[in-house]
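Count along the sequence shown from 1, add 8, and you get the number used in the numbering used here.
I should point out that these hints are in silico values taken from the structure, not numbers from a laboratory. Hints may contain errors.
As the list claims (entries may be wrong) - Derived EDC-like pairs (lysine to aspartate or glutamate); straight-line CA-CA distance at most 16 Å:
| # | residue 1 | residue 2 |
| --- | --- | --- |
| 1 | Lys-73 | Glu-62 |
| 2 | Lys-49 | Asp-59 |
| 3 | Lys-182 | Glu-143 |
| 4 | Lys-73 | Asp-98 |
| 5 | Lys-73 | Glu-63 |
| 6 | Lys-66 | Glu-93 |
| 7 | Lys-123 | Glu-90 |
| 8 | Lys-83 | Asp-140 |
| 9 | Lys-103 | Glu-63 |
| 10 | Lys-123 | Glu-93 |
| 11 | Lys-182 | Asp-140 |
| 12 | Lys-123 | Asp-86 |
To be verified - Derived DEER-like restraints, expressed as beta-carbon distance ranges:
| # | residue 1 | residue 2 | range |
| --- | --- | --- | --- |
| 13 | Asp-140 | Ala-190 | 21 to 29 Å |
| 14 | Arg-183 | Asn-79 | 34 to 42 Å |
| 15 | Glu-143 | Asn-104 | 36 to 44 Å |
| 16 | Asn-104 | Pro-148 | 37 to 45 Å |
| 17 | Glu-175 | Asp-98 | 29 to 37 Å |
| 18 | Ala-50 | Lys-103 | 16 to 24 Å |
| 19 | Asn-104 | Ser-176 | 40 to 48 Å |
| 20 | Glu-93 | Arg-45 | 21 to 29 Å |
Treat the numbers as computed from the prediction; the structure is a model and nothing was measured. In this text, a Cβ means the ideal position worked out from N, Cα and C, and glycines have one as well.
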Amino acid sequence: RVHSFTHTLMRFRPKIKIPRVVLLIGMRCSGKSSLARYMAKAHDKTWISVDVDEELQKRAKMSVKEYVKKNGWDKFRDLESETLEIVLRDAHARKNRRTIVACGGGIVETERSRKLLQRERHSTIYIRRHPDDVERELEPPSLSSSSSLSPTKQGGTALRPSYAGGESVRQVQKRRHPHYVALSTSP
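Please model the entire structure based on the sequences and the hints provided.
Listed below in structure tokens is the structure:
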């Protein structure tokens with residue numbers, strides 16, 4: 009017999025308080041969105057998933073890549089923080105379901121977003137992935153296969169802007185890692 013994740017936790021550790029809201033943070037292409045969707049699907053009666061980047065794109069009425077190109081990184085980070093605040097407000101207001109939130113990789117770049125992530129009303133989990141794996145995920149596919157792929161499968165850069173200042177994945181990860189670790193409420 010298969011038990012839900014929540015049921016299993018409650019059965020073996022009855023004093024654990026399962027958070028109503030779980031946030032996933034980590035580098036782009038680390039699997040946060042996929043994990044959030046999987047968790048919600050596996051527990052469709054009790055969990056829903058929300059992707060901050062998807063919510064931001066709805067608000068901006070354009071892709072992240074287009075928004076950054078048009079408005080720059082600073083304006084994007086402002087909109088990202090506003091979107092996170094709305095997502096968290098809505099998630100905490102939801103009484104009948106828990107929410108798992110996939111945050112954009114750079115959500116830790118601003119003080120405002122870090123303060124939102126620090127609140128004690130939710131758990132924050134750092135999803136780690138080796139930089140070599142992230143770089144491979146961001147590489148465009150070979151020319152022979154790219155024409156038959158959907159835009160989301162045409163390499164991680166098809167829908168994502170380049171890092172500011174042309175930084176490498178390793179440079180960005182080195183700068184963000186201390187924030188990811190400090191904000192994570194799980195080991």
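Checked hints:
no.	hint	verdict
1	Lys-73 x Glu-62	holds (12 Å)
2	Lys-49 x Asp-59	holds (14 Å)
3	Lys-182 x Glu-143	holds (14 Å)
4	Lys-73 x Asp-98	violated (26 Å)
5	Lys-73 x Glu-63	holds (14 Å)
6	Lys-66 x Glu-93	holds (15 Å)
7	Lys-123 x Glu-90	holds (12 Å)
8	Lys-83 x Asp-140	violated (29 Å)
9	Lys-103 x Glu-63	violated (20 Å)
10	Lys-123 x Glu-93	holds (10 Å)
11	Lys-182 x Asp-140	holds (13 Å)
12	Lys-123 x Asp-86	holds (13 Å)
13	Asp-140 x Ala-190: 21 to 29 Å	holds (24 Å)
14	Arg-183 x Asn-79: 34 to 42 Å	violated (22 Å)
15	Glu-143 x Asn-104: 36 to 44 Å	holds (41 Å)
16	Asn-104 x Pro-148: 37 to 45 Å	holds (42 Å)
17	Glu-175 x Asp-98: 29 to 37 Å	holds (32 Å)
18	Ala-50 x Lys-103: 16 to 24 Å	holds (21 Å)
19	Asn-104 x Ser-176: 40 to 48 Å	holds (44 Å)
20	Glu-93 x Arg-45: 21 to 29 Å	holds (22 Å)
The earlier numbered hints that this structure contradicts are 4, 8, 9 and 14.
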